[in-house]
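Undergrad: Listed here are the chains, written in short residue letters.
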Amino acid sequence: MKTSVFAAGLLAVTAMALPAQADKLDDIIASGTLRCAVVLDFPPMGSRDASNNPIGFDVDYCNDLAAALGVTAEIVETTFPERIPALMSGRVDVAVASTSDTLERAKTVGFSIPYYAFENAVVAREGVEMATWEDMKGKVVGATAGTYEAIWLEGKVKEWGEGEFRPYQTQADVFLALSQGQLDATVATVEVSEASGNFPGIKIVDKAPMVPDYVALITLREEYGLINYMNLFINQQVRTGRYAELYKKWVGEGEPANLTIQGVYR
Amino acid sequence: MFDTALTTNDLIFLAQGAGMTLVVTAISVFFGTILGIIFGVIRYQVGPWWAAPLTFVLDVFRSIPLLIQLVLANAFVTTVLGWRISGFTVACGVLSLYTAAYCAEIVRGGIEAVPATLRRAARSLGMTWGQDMTYVVLPLATRVALPSWIGLALGVMKDSALVYIVQVVELLKSTQILITRLQEPLFLLMICGLFYFLISFPIARLGGYLEKRWSND
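Keeping their order, the protein sequence lines are chains A and B.
If you want the working numbering, it's the position in the first sequence, counting the first as 1, plus 38.
If you want the working numbering, it's the position in the second sequence, counting the first as 1, plus 146.
Don't take each hint at face value.
What the hints assert, rightly or not - Which stretches of chain A does chain B cover? Using the computed rule of at least three CB atoms under 8 Å from a CB of chain B, they are:
1) 126 to 140
2) 285 to 296
To be verified - Pairwise CB distance ranges (calculated):
3) S209(B) x P247(A): 55 to 61 Å
4) E283(A) x G228(B): 35 to 41 Å
5) A105(A) x G255(B): 52 to 58 Å
6) I158(B) x F118(A): 25 to 31 Å
7) L284(B) x I67(A): 50 to 56 Å
Said to hold, decoys possible - No farther apart than 25 Å at their CA atoms in a straight line, the calculated lysine to any residue pairs in the SDA-like style are these:
8) K286(A) x A124(A)
9) K319(B) x I93(A)
10) K241(A) x E172(A)
11) K145(A) x T225(B)
12) K196(A) x D251(A)
13) K319(B) x D98(A)
14) K319(B) x E112(A)
15) K62(A) x W229(B)
16) K304(B) x E120(A)
17) K319(B) x D87(A)
18) K62(A) x L258(A)
19) K319(B) x T117(A)
20) K304(B) x P81(A)
21) K319(B) x D79(A)
22) K319(B) x P81(A)
23) K319(B) x L340(B)
24) K319(B) x E120(A)
25) K287(A) x V276(A)
26) K196(A) x Y186(A)
27) K62(A) x A221(B)
28) K304(B) x A124(A)
29) K145(A) x A221(B)
Derived from the structure by calculation, the hints contain no laboratory data.
Note that CB positions come from ideal geometry on N, CA and C, so glycine has one too.
With these hints in hand, go ahead and build the complete structure from the sequences.
TA: As structure tokens, this is what we get:
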């Protein structure tokens with residue numbers, strides 16, 4: 039009698055403790071909606087169309103993820119600094135918001151494998167003989183002062199010991215100087231370069247050999263189930279050609295960035 | 147001369163935002179007033195000692211900035227309780243309690259403004275407490291409380307701009323969306339202000355009209 043009471047009590051306790059809380063992956067599937075934080079003032083990754091609906095690479099990526107999970111996507115607009123707080127306070131399930139995978143952030147949130155990488159391209163004036171990025175040697179080059187690409191370019195000019203580097207205030211100034219012939223070439227992110235089409239007489243030559251800015255999907259740090267799922271999802275996006283398709287749709291012609299790094303796992 | 151990228155579509159988008167502001171305000175003021183009347187009557191009826199816990203809770207709602215209340219309530223509901231309810235529900239709930247906290251004070255002030263002698267007279271005529279409250283206190287207190295209540299309703303309408311934090315696209319948020327897209331902040335904010343004026347002004351006038359009509363003896 040006593041033993042059975044004890045056993046029943048034990049069973050009740052385990053029954054209370056065991057039904058391990060469903061994890062976020064289960065919650066999302068059960069609720070039928072996937073809430074994604076997306077930054078909507080960052081074209082071509084996220085912006086709004088003429089009827090104010092969210093569009094862009096990240097928006098499509100979120101929709102794809104939701105479709106894979108068999109749920110509907112809800113795009114939650116956030117700013118860059120608000121992405122992680124929105125995640126921590128439970129306003130969103132994941133952030134598909136071009137988040138660079140820094141080690142500092144990884145202390146707070148959980149990263150998937152990279153789903154996109156921002157690369158830099160060499161843009162030259164038409165009529166300047168250039169085939170690869172190394173042809174910038176000896177030319178007059180320039181970039182927006184203080185940016186990552188400007189620091190890299192200035193370093194290269196010093197290293198080559200010939201040519202000239204000119205800093206400019208804004209990206210538009212750089213492209214203007216380029217199309218007016220004050221510059222021979224510049225370096226800018228591929229996304230910006232693709233959008234430079236409204237300046238006449240300039241063209242993308244080559245990708246610059248800089249370390250790309252890898253961006254990943256984020257969710258809560260302890261949600262391994264969801265992170266696992268997202269990793270596989272990103273793999274499938276590349277495998278099925280959807281990654282290249284989205285790149286073509288939002289960024290432009292050409293090869294999307296390679297998401298693997300030579301010589302290391304993940 | 148003057149050139150803008152604003153289209154009719156965008157104006158409709160703003161009008162939808164204004165509609166959301168009105169809906170959130172209407173729901174919050176409605177439930178907030180009902181709760182406020184209940185809390186106000188309780189506070190007056192049970193005396194300062196017994197009402198202390200209630201007073202404290204209402205003070206909390208009045209002293210914590212609405213923005214923080216919304217963020218905390220939303221985080222509590224979604225992460226601690228694990229409910230998947232919409233931001234709209236959270237916004238209406240928080241704003242109702244916020245309204246109730248202020249409304250309770252207005253109601254208490256209104257009841258206190260009814261002369262105690264008059265109420266004693268009513269009771270000595272054999273009226274029950276309910277009859278006293280309905281036929282004596284209610285008409286007199288309403289006249290006293292109305293201007294503050296209209297002010298509260300207008301305040302809540304403007305405070306409702308903060309519910310964007312829980313993903314409710316109301317008037318100010320829709321204006322911000324357009325500002326991001328069109329890059330015409332001053333012009334768009336002027337239009338937003340005009341929308342707020344258009345929905346606030348009739349309420350303010352209605353309040354003025356009622357005040358005038360009811361104060362005629």
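Undergrad: Mind listing which of the numbered hints don't hold for this structure, in increasing order?
TA: 2, 8 and 20
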